[in-house]
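Protein chains: 2
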Amino acid sequence: MSKRLSETYVHGYHPRENERLQDQAGTLVDLLHCDTAYTGGSTVLEAGCGVGAQTVTLAQRSPDARFTSIDISADSITEAKRRVDAAGLTNVEFRQADIFALPFDAESFDHVFVCFVLEHLSRPVGALAILSRLLKPGGTITVIEGDHGSTYFHPDSPAAHAAIKCQVELQREAGGNALIGRQLYPLMVEAGFDAVRVSPRMVYVDSSRPELVDGFTRKTFTAMIEGIRDSAIARGLIEPESFDAGVRDLHRTTEADGVFCYTFFKGVATKE
Amino acid sequence: MSKRLSETYVHGYHPRENERLQDQAGTLVDLLHCDTAYTGGSTVLEAGCGVGAQTVTLAQRSPDARFTSIDISADSITEAKRRVDAAGLTNVEFRQADIFALPFDAESFDHVFVCFVLEHLSRPVGALAILSRLLKPGGTITVIEGDHGSTYFHPDSPAAHAAIKCQVELQREAGGNALIGRQLYPLMVEAGFDAVRVSPRMVYVDSSRPELVDGFTRKTFTAMIEGIRDSAIARGLIEPESFDAGVRDLHRTTEADGVFCYTFFKGVATKE
Chain U
107 MSKRLSETYV HGYHPRENER LQDQAGTLVD LLHCDTAYTG GSTVLEAGCG VGAQTVTLAQ
167 RSPDARFTSI DISADSITEA KRRVDAAGLT NVEFRQADIF ALPFDAESFD HVFVCFVLEH
227 LSRPVGALAI LSRLLKPGGT ITVIEGDHGS TYFHPDSPAA HAAIKCQVEL QREAGGNALI
287 GRQLYPLMVE AGFDAVRVSP RMVYVDSSRP ELVDGFTRKT FTAMIEGIRD SAIARGLIEP
347 ESFDAGVRDL HRTTEADGVF CYTFFKGVAT KE
Chain A
107 MSKRLSETYV HGYHPRENER LQDQAGTLVD LLHCDTAYTG GSTVLEAGCG VGAQTVTLAQ
167 RSPDARFTSI DISADSITEA KRRVDAAGLT NVEFRQADIF ALPFDAESFD HVFVCFVLEH
227 LSRPVGALAI LSRLLKPGGT ITVIEGDHGS TYFHPDSPAA HAAIKCQVEL QREAGGNALI
287 GRQLYPLMVE AGFDAVRVSP RMVYVDSSRP ELVDGFTRKT FTAMIEGIRD SAIARGLIEP
347 ESFDAGVRDL HRTTEADGVF CYTFFKGVAT KE
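Protein sequence lines, in the order shown, are assigned to chains U and A. Each residue of the first sequence is one higher than the one before, counting from 107 in my numbering. Each residue of the second sequence is one higher than the one before, counting from 107 in my numbering.
I should point out that these hints are in silico values taken from the structure, not numbers from a laboratory. Be careful, since some hints might not be right.
Said to hold, decoys possible - Using C-beta positions, here's what the derived DEER-type ranges look like:
| no. | chain 1 | residue 1 | chain 2 | residue 2 | range |
| --- | --- | --- | --- | --- | --- |
| 1 | U | 206 | A | 232 | 37 to 47 angstroms |
| 2 | A | 347 | U | 201 | 49 to 59 angstroms |
| 3 | A | 145 | U | 232 | 49 to 59 angstroms |
| 4 | A | 357 | U | 361 | 48 to 58 angstroms |
Unchecked claim - A few chain U positions that, by computed beta-carbon distances, are all more than 10 angstroms from chain A:
| no. | residue |
| --- | --- |
| 5 | 147 |
| 6 | 181 |
| 7 | 194 |
| 8 | 343 |
| 9 | 364 |
As the list claims (entries may be wrong) - Just so you have them, the derived chain U footprint on chain A, three or more residues with Cβ under 8 angstroms:
| no. | segment |
| --- | --- |
| 10 | 253-259 |
| 11 | 283-292 |
| 12 | 306-319 |
| 13 | 360-369 |
All figures in this text were calculated on a predicted structure; none of them were measured in a lab. Glycine included, C-beta positions come from ideal geometry on N, C-alpha and C.
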């Protein structure tokens, strides 16, 4: 992440945000990571590890691969390291670094992994091209991003969509793109990757799946929207009453007859 | 969109089986029907068979089950029978009947199958309750519906969304619900079914999947929207220029950097 963006990282760096990301990884781990495994001895760069929400999963699933996880925030690195240590993992090395000024030689890694990072960058293709240079020929890149425009639910609610749009707009103002998931394919192609293959990872939630109702709809997605209330109102994007109505309607989708849908996208490609 | 779907050769993706399906040519038929099979000797009511688009698939996949396919339209029944005969199938019996006045005794069938029908009914729960009565205890119902509100794409386009909204509105004026897919779970629960399980069937299209670009984005979805141009304009739902711009933008998503997403929902439940 660029320095400018780290200052305006739309989700913030608060403890509650850490908790949200952990909940997110916890409930979505299979959906997002079930098909990611690196062979023993391979070297993997995790670019933008944040507080390590994905790092623990990655390192656990590929115990004999060696991970180098970087993030622009020293505080995040500290927390990520704590988590990895707490999980008893010894195959992760952390470094504080800017994705646009990485301290690695060209063709240093067998694989690159990027999750929930491009959405915050004003130059995602530039970042992908930089990461491509760090890959050995034949190496792979894996990119996972959400797409807030993939959100729909029952009962439908214009107010809830308006609240979600505030998040999209705040992220746009910060130089990011909350609708980036659907764009992974063209972005990865533009960055020069070969054999780009994107697959959707849809989270479907109804009341027969109570752990998703609580873990995803309530504590991940709606909590994220609730978290931008003050910023959205301060920027004049929405009236407080409208925002609160939207959040109420998001909570409404967690009732017995409610349904909530969100889709992540996962792209895998190789460097020729 | 029911008539076109089965004729369309496309790839399909299940949320948890992305990798397998990515490497395997398939059809939209596979995406929707791969997990539907009835045991030999069981009796299945297909309610609302239309021109037999799904009937042929059903009967082929369960050659030893006996199907009774009904539709309110005699012309549709004639065409459905022609298709089933052309496919050499002998396990389907057709009857012209209204789903709200079916000429069958209670508990006549082992299973009921309903595809792209509820979206056109003003009383979908009433229809489901009627179908439930025809089921033997322990029998299953399978329901498949689309959801036009699940449509999003790259490049994004307000004009394209406005054109799609015309379809939603026309269907609503006709007493139907083009956003019914996401509601399958609560509708089936409300109708009294037990063990309701709904799964999304997302169609993800980028230019690495040219059969889907042509077969789904262009010839299925965009063609469906193009087909309501005159009605939408006649009803005053949209200006001709806006509609045409929307259709152009839908076609734009079929270019090399375009992406198109749509989700069907499949619900399966049992009668206690």
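Here is how each hint holds up against the structure:
At about 60 angstroms, the CB distance of residue 206 of chain U to residue 232 of chain A disagrees with the hint of 37 to 47 angstroms. A C-beta distance of roughly 55 angstroms is found between residue 347 of chain A and residue 201 of chain U, which places it inside the suggested range of 49 to 59 angstroms. Range check, residue 145 of chain A to residue 232 of chain U: about 57 angstroms between beta-carbon atoms, so the 49 to 59 angstroms window is met. For residue 357 of chain A and residue 361 of chain U, the hinted distance range of 48 to 58 angstroms is not satisfied, since their beta carbons lie about 40 angstroms from each other.
Every C-beta of chain A lies more than 10 angstroms from that of residue 147 of chain U, the closest at about 23 angstroms, which supports listing it as non-interface. Its beta-carbon lying about 34 angstroms from the closest one in chain A, residue 181 of chain U satisfies the requirement of being farther than 10 angstroms from that chain. With a minimum CB-CB distance of about 28 angstroms to chain A, residue 194 of chain U clears the 10 angstroms threshold, and the non-interface call stands. Every Cβ of chain A is farther than 10 angstroms from the Cβ of residue 343 of chain U; the closest lies at roughly 18 angstroms, confirming the non-interface assignment.
Interface exclusion of residue 364 of chain U from chain A breaks down, the closest Cβ pair being 8 angstroms apart, not more than 10 angstroms. By the rule of at least three residues with a Cβ nearer than 8 angstroms to a Cβ of chain U, the coverage given for the segment 253-259 of chain A holds, with 5 such residues. Check on the segment 283-292 of chain A: 5 of its residues sit with their Cβ under 8 angstroms from a Cβ of chain U, so the three-residue criterion for coverage holds. Counting residues of the segment 306-319 of chain A whose C-beta sits closer than 8 angstroms to any C-beta of chain U gives 6, which meets the bar of three, so the coverage hint holds.
Under a criterion of three residues with beta carbons nearer than 8 angstroms to beta carbons of chain U, the stated coverage of the segment 360-369 of chain A is upheld, 6 such residues being counted.
Hint compliance for this structure: hints 1, 4, 9 are broken, all remaining hints hold.
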